[in-house]
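Chains as they are written, first to last, in the working numbering: chain A, 1 to 687; chain B, 1 to 305; chain C, 1 to 277.
One thing to keep in mind: the hints can contain errors.
As the list claims (entries may be wrong) - Derived DSSO-like pairs: lysine-lysine, alpha-carbon spacing no greater than 27 angstroms straight-line:
hint, chain 1, residue 1, chain 2, residue 2
1, A, Lys395, B, Lys159
2, A, Lys299, A, Lys129
3, B, Lys73, A, Lys645
4, A, Lys283, A, Lys299
5, A, Lys129, A, Lys142
6, B, Lys7, B, Lys73
Worth flagging that the hints you see were computed from the coordinates, not collected in a lab.
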Amino acid sequence: MTDAAIAAEATPTTALDRVPVLSVHNLCIEVKTPDGERVELVRDVSFDVNEHEVLGLVGESGSGKSLTMLAVLGLLGSGLRIVSGSIRLRGQEITNLSFHEMQKIRGKAVSIIFQDPLTTLNPVLRVGKQVAEAIRLHNPDKGEAEIKARVIELLSLVGIPNPERRYSQFPNEFSGGMRQRVVIAMAMANEPDLLIADEPTTALDVTIQAQVMEVLAEVRARTGAAMVLITHDLGLVSEYADRLAVMYSGRIVEQAPSAELFASPRHPYTAGLIASLPQLERKVETLYSIPGFVPDPRKRPTGCAFAPRCAIANGRPLCLSQSPDLESIGANRAVACHYSAETAAWSTAYQAKLENVATETPLPVRKQGDGTTVLRASNLSKVFTVRGKGLQRSKLYALRNVSFDLKAGKTLGIVGESGSGKSTLARVLLRLAEAGGGEVYLNGSPLFSLRGRELRQRRRDLQVVFQDPYSSLDPRMKIHDVIAEPLRIAGSYSAERVNQLLEHVGLTAAAGQRRSPEFSGGQRQRIAIARSLALNPDVLILDEAVSALDVSIQAQIINLLKKLQQDLGLTYVFISHDLSVVRHICDEIAVMYLGRVIEYASTEAVFSTPAHPYTRGLLAAIPRIGMWPHGKGLLARGDLPNPMKPPSGCAFRTRCPMATALCAENEPVLSDHAETSHLSACHFALA
Amino acid sequence: MAGFVIKRLLQAVLTVIGVITAAFFLTRLAGDPAALLLPPEATLEETQRLRAALGLDQPLFVQYLLFMGNALKGDFGMSLRESVPAMSLVLDRVPATLELALSSFAVGVGLAFILGILMRMTRHNWVRDLITWIALARQAIPVFSFGLVLILIFSIWLKWLPSYGRGTPAHLVLPALTLGTYELALYLRLFNSSLAAEQRNDYVRTAFAKGQGRIQVLLQHMLPNALLPLVTVAGINLGMLLGGTVVTETVFSWPGAGRLIVQSVSQRDYPVIVAGVFVISVMFVIINLIVDVLYGVLDPRVRLA
Amino acid sequence: MKARFSPLQTIAILLLAVMAVLVIVVPLLPIYDPYGQNLSDSLLPIGGRSFNGHFYLLGTDTLGRDMLSRLALAGQVSTLIGLSAVAVSLVIGVTLGLIAGYFRGPIEAIIMGLADLQLSIPRVLLLIAVTAIVGPSVAGLAIILGVTSWVSYGRVARGMTLSLREREFILSARVQGASAVWNIRQHLLPNVLPQMLIVASYEFGMIIVLEASLSYLGLGVQPPLPSWGMMVAEGQNYLALAPHLAIMPSIALFILVIGFQFLSQAFTKENDLEMVA
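So that you can see chain A by itself, here it is in the shape it has in the complex (with noise of 0.2 angstroms):
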């Protein structure tokens, strides 16, 4: 059989007068663990990319997608091997290629983005000569001057400002965008036919994965380049893959062209992954939550690996006993479930749901939703002393007046980028941090001002959840003591009021029994929930507390967070970047920036009527599913200018588009300008 013929039986897709860039044919990788067991993290995988085109390739965490393009670099770690199955690079097989001759090919046919552009550059090389280094490697008799000037160049392409200066500067000079534009400028030195971008943007903020994006797709229309986007965002794929291949625990479960997809997934692990995606354009009462989680490559059930998480397997015997194959429906498309016909049925009659509760269940009257505030935050303020160099000081004003009103049974989200104060915020609130102005009422009763013993007495209706599903847990102890420790502390020890905080979040009295470091991520975050609703408080801060976790397991966490706040009656403060969960949890919105509260309203008013451009900026950068192109015009420009020297006037000024001489002068004030309660800090709000 010839090799077209091999691509042409194992994925229909492929025309068979060309010959795709890469082509990956039924491999395994597998690990050999420290007792000596092997384990097969990447399954039978097989896919085509095509000339110019970009593959998105999807998955939650350990699915096995970094690892399948780590095969086609030749770079897997100690420990993993290829099992069986071939990788064509332009027909010519790679897998049986040496270390040394890999090097030929690396680089130069084919590079690589990686996620954390902060690693990524050697911190102690000079970013020009990292980038020679590239060019160099596959062009030996080009000269210095060359060279140089071709970085030069490289560094402007990816749109890098006085590309001249930055060549001899030090990576820790430049922002997070810049150095991912670097890594892009590396990548594309030698003109790769393919380009792997694993998580390009997801270390990066909104604003400026946006700008990273638009980056990588000029270079690649330049040289044509094909692309494998390796991502776990289903909008950053929706928006810039032709083609998506779905993983789900070491396989691919389905392949289909990107609108094709999310117009009709036929596999349910796919279904249920955008059904629990919460999205800008609407907000549904709950969201739909894929139940359990991914199994333990150890432990993958026999059968599909999908199968008890499945909403149409429904422990039929044969998901259950035998695993699916990768089968062709039809052109261009490809599914790996038994039962895939019965998944279009499955998702039309859950929208046919959703809509029925949207349109004629009028949101439950909540217990304590009586007006009542519970929590008053007024002109918070809080400067940090930076050292810089030597022995000289600045001051970084990371909170500058905020203030904000929360009633009762209420969520309020407050929505920033990083480096806007919504962390430090928290911590104010929480006194972790002192303020250095305002004051914070708890129930009509200030709270900065007490001391020792009260402080501790009255923190207790006012708790937090934090981000980190890892640290938050102390590794020794068990579970039922993490949760009866504020019991503890406050003397009001019982084991079933444990048990019941246990029940409240899902999980059984036995789990209690159990220490951290046995749960995973989605159950760990139950567990600092059940903790931080021991005392009966009345404020619940939940500091990113959904946004370390994976699509699916994210749903079931603001599922819970909305039951509780239902039975118990809670007021959220919600604190996150991702405004898609914010729209689906809060009632009102508080966008951050640089410090400063720029806009507040209701989540409606923000989202249908954004008055302010920094939030229009904020929402035109979000991919989302199917809305491409987005308003260009509205996205923020360069880069968050440095906190410690704010521009004058309006802070985003650098970066707004509708800036004029005025935004240079005066400080825009937070008001309303037309209608009641919806607060914004621009001149041109009304525009």
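Following the hints, put chains B and C in place on chain A, whose structure we already have.
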């Protein structure tokens, strides 16, 4: 960068003041300096006259300032056994100590560097294991024991090298080897673990992805990063090394400051002890300062901070 | 089924068992006589037999004293000094480290300044200066060695506390109204102590070597009580004639120190924690 150097200089000055303070309290703990200076049969009047001359009748704080002033001038009083200033006795011996310390330092860091690279490059596990085990075993042997074993083998049995004294380069071999290899295991472990830590960084994967070879990545990318912790720890451990010179100098009758201090202890010559400890501590502070500045030069993250 | 001990742990245990025999079992034997001089039996080699048929397993020293007995007694002295010094430094170091790391501010600056100051005077020199003035005694040595060795524990404890106190489980406890004492007792100490024991098993070896070095210089344990370091110094004069005088105590030192080093390494690997240098 200038700010960084100034900050470290200030720290160094503070440390020296701390050392002087410690020295002051040590000498006062030793008893009345006047009583030590005078013969036992001295009269009360003689004692009091000397006390007044030395400022010992002043309040403790004034005494402290006097002591500090004298110390900064390098005046720790006369040696009790030889009628020369304690400081000049010590300073005479400093070059020998520096020679020993620096050559030992070079031996230690040089060996760690070579062996560390060798361990990283070799494909044979037994080579790695052998180096690790030898370094570990060496670290468990005290300086004096190791010195004597070297003397036994190379001086007494093989008669290749002299066993004591200073003068020719041959005299330096055994002492430097004895002292230099002591910290080898620590350096090696550190060097290896920082190389291993660098290996996990994305920039290493990126370098491979550019098409670089293993050796290029090791030398161009990992080494500059992995050398930093080695330099720092080796610098901090210079204190250990300078302490080690005391024992090494005794083993090999090396005419350095350490040996002088030990001899002065048995002769109860306190001014020389205090001057010696002071000089070696100051040497250590200065070397540490140099190492820190060097670190700053090597690491742009510090330099540009 | 996993093996109960790793190879490193096994070697460590075997070496320490040899030491235990020397230090605990030998003194119980009838031949034990660390002080008895017999000038006619002086400088007998290993396995030497005197004229009157007395057998010396490890030979005799210049005064004809039984080397095995003296090694055993010296081992007891060293171990005693080492253990008490480790206990003293562990308590001081952990206390100061936790306080510095948890409360920060000026207290931290003072404690860490003290640590830096102490590190800037080489430990051997500091010990020489202090013993020169205070005078050598077993109890004094233990205290001096202990007080001057707290820095390793202090630094590691502070470093761990600094990272732990920002960990979210401690922040949570603070928000729930936990006091500093509660956090230190419930969270910090239990998380820091295992690491401290690793440091301690490493430091024990260091202290044994320091004590031996001082005794070698004649500033540590004083005669007639024997010490390994002192025995090496005595043997140095007879290196050509009777090398075992210097070699035997050196080997004893080696076994004890490397035993504890392996132990600390074995635990380091077991807990997968990085030793802070």
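Status of the hints after comparison with the structure:
1. Lys395/A / Lys159/B: 69 angstroms, violated
2. Lys299/A / Lys129/A: Violated - the C-alpha atoms of Lys129/A and Lys299/A are around 46 angstroms apart, more than 27 angstroms.
3. Lys73/B / Lys645/A: Distance of about 47 angstroms is beyond 27 angstroms: violated.
4. Lys283/A / Lys299/A: 37 angstroms, violated
5. Lys129/A / Lys142/A: Cα-Cα ~15 angstroms, so holds.
6. Lys7/B / Lys73/B: 24 angstroms, holds
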